[in-house]
Amino acid sequence: MKNSLADRSSGGIICAALITIFFFSGPLHSQEDLVSLSVKKIAPPSSLLATDHKYDNGNSISLSWVPSIDDALMNNPIVAYKLYRSSNDTEPNLIAELPPGSSYFLDNGVSTDNSYSYSVSASTNAYEVLSNRTESITPQSEWINYNKKYLFLMVMIISGAIMYFIVSAKRGKELFVRKIAGLEAIDEAVGRATEMGRPIMYIPGIQDMDDVQTIASLTILGRITRTIAEYDSKIFMPVARSLVMTAARETIKASYQAASRPDSYSDDMVNYITDEQFGYVAHVNGLMVREKPATVFLLGAFFAESLILAETGNSIGAIQIAGTARPAQLPFFIAACDFTLIGEELFAASAYLSGEPMQLGSLKGQDVGKAIAMFFVLLGVLAATVSAAWDIELFNNLLDNLNELFS
Amino acid sequence: MSLILARKEKRSSMDIGMFFAALLTLGIFSFLYKDNPVYKVCEAIFVGVSAGFWAITYFFDNIHKKFWLGVFPQEGDSPDYWLWGGAILGFLMLLRISNKIGWIARWPLSFIVGATAGLYMMLYFVSNALNQVADTMMPIVAYASDNSVLWLDTFGNFIVVLGVVTGLIYFFFSKEHKGLFGTGAQVGTWFLMITFGASFGYTVMSRMSLLIGRLDFLFGDWLGLF
Amino acid sequence: MRREIPLIITTVTGLVFAISYFIPHMPFGNSENIFGEWISIVQAFAIWLGVLNLVKVSIDKILSKKGDAYYSYIVIISLGIMLIVGFWDGLSGLYADPPYPVIDDSTSFYWIFKNIYTPLTSTMFAMLAFFVASASYRAFRARNFQATLLLIAGFFVMGGRVPLFDLMISGITDVPVFSHFADWIMTYPNTAGQRAIMIGIALGIMSSSLRIILGIERSHIGGKS
Amino acid sequence: MANTISIILLILLGLSLVYVLVRTLKGNPIGRRIVFLYVAIAAAIPLFMDLEVPLPITTDVRNLYDALEKLPDGSKVMAAFDYDPPSAPELQPMAVAFMKYAFKRDFKIIIMGLWPQGPIQANMAIDEAMQDPEIAAKNLQYGVDYVNLGFQSGNEFVIQSMGTAFKTMFPKDYRTTPYDSIPLMRNIVNFSNIDFVMNFSSGEPGTIQWVQIAVDRFGSVLGAGNTAVQAPQVYPYLRAGQMVGLLGGMSGAAEFEKITAEKGKASTFILSQMIAHAIVIILILIGNVAYFSEKRKKK
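Protein chains in written order, with this note's numbering: chain A, 1 to 407; chain B, 1 to 226; chain C, 1 to 225; chain D, 1 to 299.
The set of hints was computed from the structure by calculation and includes no laboratory data. Note that beta-carbon positions come from the ideal geometry of N, C-alpha and C, so glycine has one too. The reader is advised that the hints may include incorrect statements.
As the list claims (entries may be wrong) - Listed next, the stretches of chain B that the computed footprint assigns to chain D, with coverage defined by at least 3 CB atoms under 8 Å from CB atoms of chain D: (1) 55-65; (2) 132-141; (3) 192-204.
Work out the full structure, taking the sequences as your base and the hints as a guide.
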């Protein structure tokens, strides 16, 4: 339980107490009395320096000082450093008490409207000794935080890459996106449902339209329902949010029109169940068991219900294609479903199927980011490993530069 | 390793609240047998009570304590007029309930979406991309203080670097997974599977804990059996 | 108007939050904080919007007189009780001397929290324990190499994080081999996988944030680009 | 006595699993309800037993403990409670053990929550810690030794604004005491005056946001207790040093109770946890044995 610091301060207390008892066995004295008596006083902290804290909104001043020479590791008489601040030359106030050994403090209770001066004291259990007061200082607000220049550079490079590819995709440049396993299976899964004469179930997760995963899911839905319309299979889609219901109906309707079968569409394909997580799951479970869909799509934002849905789908022998960006739910999909879109693949799938230049372009831009990340990982590992093993200057410098870049 | 005998204190307290709590617990658990009216009643109570709980805590902690006392301070403080901005946006948000002027709720929504986008862009880039890349840039070979090689840690470091790089290859969409690149992606999926396996193990742990907590309540707190 | 104003709001707030990372000076440094306070207040209103929505949906159900209308009465009644009790306790707490909060353990609101809300929400989630076990029995199959890897990792984590496997080998060795192994899986391969996912998601968030701030992505205001 | 009966029952339960195996192999798997029953019994029986499980302390728990030990007595520690009652079985034992440890070390505790239920859970943890005779003897004062700032809405934006000044988000504590009249808060403006942040989290907003904002932007030192579902996701932060340590789920809680010598609920739950894991492992095995034997038959 005890650590060295605790020992140190309690040692200090005992020491100070002993001194007090030794010299003053009379009645209790006030603090001024104690100081005025001829005890060998501890030295005050020195060289207190107050400087404006750089690159902030003018709300902090950094203070540094040289600790008292009596600030020792063993039997430390000092129990704390006390910082006093006076604003606009008014009466000083105690602003902080710091443990022995401290030599730095960031005062962030200031503003650009006032000027401040500081003093610091080393205090024992019995008395305290003050350092000199600093000159008055007014904190400054800076325009640009130069500490973050490399961060800014990196953000610009990656944002630039994303923007560049969005623009070039819009101009009609063909952008390649690799095949994604689950997507290849869609047509087959829809086909199987048609052959068996059983319906297809589509679940877009339980989040509202403000979740990117739900939006991605609806994009995929558009493409799937087109195939469904062409094959003339049946789809049903229970949803947990009313907004999702409206959006999904629009999407499916558009797909049926695109497949020139607008008459086959009906609003009954999409139904709002309830916002309540487990209420929704209980209903969907019952629906699955009753309707026995041949194919189940679980694409979107899923939470704890993922395993219940995936397991029920598995138990009725449906082909299941799942996808979510939530890592904690992926194991259940991977174990119980035939194909799973993992994390980013869900978004990639939606970009791939939508064919929209904006989506494809930003996907490509993200890939540039990944390439940069991989490059720096490999370079950094090389530099660090060589530098640690053989201490070659070139690699040492490289490592230093990399560290600065990423600091 | 072996099991050690420990002592537990017996506890039991029967009050009316405990009785209600136990009843509702059993009511929800009845769903495990099959969906039934008792469960549905409990669920309905749950929906109502939890909505009420959230509404009340948000009202007193935020709307009253932060906004109301901020613009109408009790003693001596100067009012913070900026807070009205939030209240106006909040009020516009409530208009969403109306079909006619519900579109105006897009204003506060855009405000939140914009702020989240701006904040997240930087936060995720720094914490989840930059810092993670920076930490992966490490010496593969780990040395002990006496300069001997720590083989197990070295292997671990290698695994981390390999996993990060191949994992990123897997999530690379603008290049076909063929040849060496394909092998990399393949290895990447292995790492992802181990990650999901670990996640699965932890999920089981979490879910079982929740059940144990409830059983402890039923048998310990309520019935006082141990 | 219906489109332009939301777009301007999105862009301005987005830029303020992104730029204040680099420019601490007024107005960026300050507006970031003021906006933060606004968001806090807007979210509190959003919760009340949810309550209004719940009431609306429940009343719709009651009026449509379907079989489930029954339960909608219970939703509304329990919501009503919670609100009345909450306001009563909260307001009397404010004017008491010394004032006490609505969540003070002497209030009826707290009683409901402890004896109604807590058991219901806890039990709801505790049911997942059963479903996870049933899914393990019926759905977790080593159907291919990937699923096998997943299962093996899960196995060692489940058996190693609690002293299950280590107790089994306690006759052979006293070293908690499996605990260390589970530790190893978490610190190395798990970290690697999570990190790859993390970096990917971070870049994804960057690109979608960028699209939102620049007004290319507009689905939150109900429109396509 | 209870131990013997419980162990016999567990053995019987184990034997009956052989029957489950045989049935499953014959292509006639047991129903969901029987699986449910197995889980319930397996988790319940150990609760009646008085056995303590030997627990090795994992690195992440030890690192957190070491970081706490390094803090001087009387340090200012922020405890952020971001969870609700369902996660209490995992997180409450951590919170209680942490409070006991912190009070014994004379840490000054500042409590807040990004979840409305968080500060209530914090009060419960404090009440339980106060039962400890050593802590009761200290006669700790609200507002001087600890303070509960309460809940504030705004998720990650709350932490963001707290980076400038806590007061902007918490103008009053949960009892509506103005920030400036709380003795403990007088010298605390923002994170730079806090020595350590401890976060108990079961989701978002939670540990991830604390890392991203309090640590990476404002330079705090962070330790966390997480539910097991969330724990694997924060390991990269742990390795990168963005967090000093982690208590993951029930086992993390039990280890923390052990290392701080504040035995509590997690230590008694861990046996149940162990048996429950065993049942899940066996069920997976049975399912897979049946799957492979069926596959072989088909060939």
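Hints, one by one, checked against the model:
{"no.": "1", "hint": "55-65", "result": "holds (count 5)"}
{"no.": "2", "hint": "132-141", "result": "holds (count 3)"}
{"no.": "3", "hint": "192-204", "result": "holds (count 6)"}
Hint violations for this structure: none, all hints satisfied.
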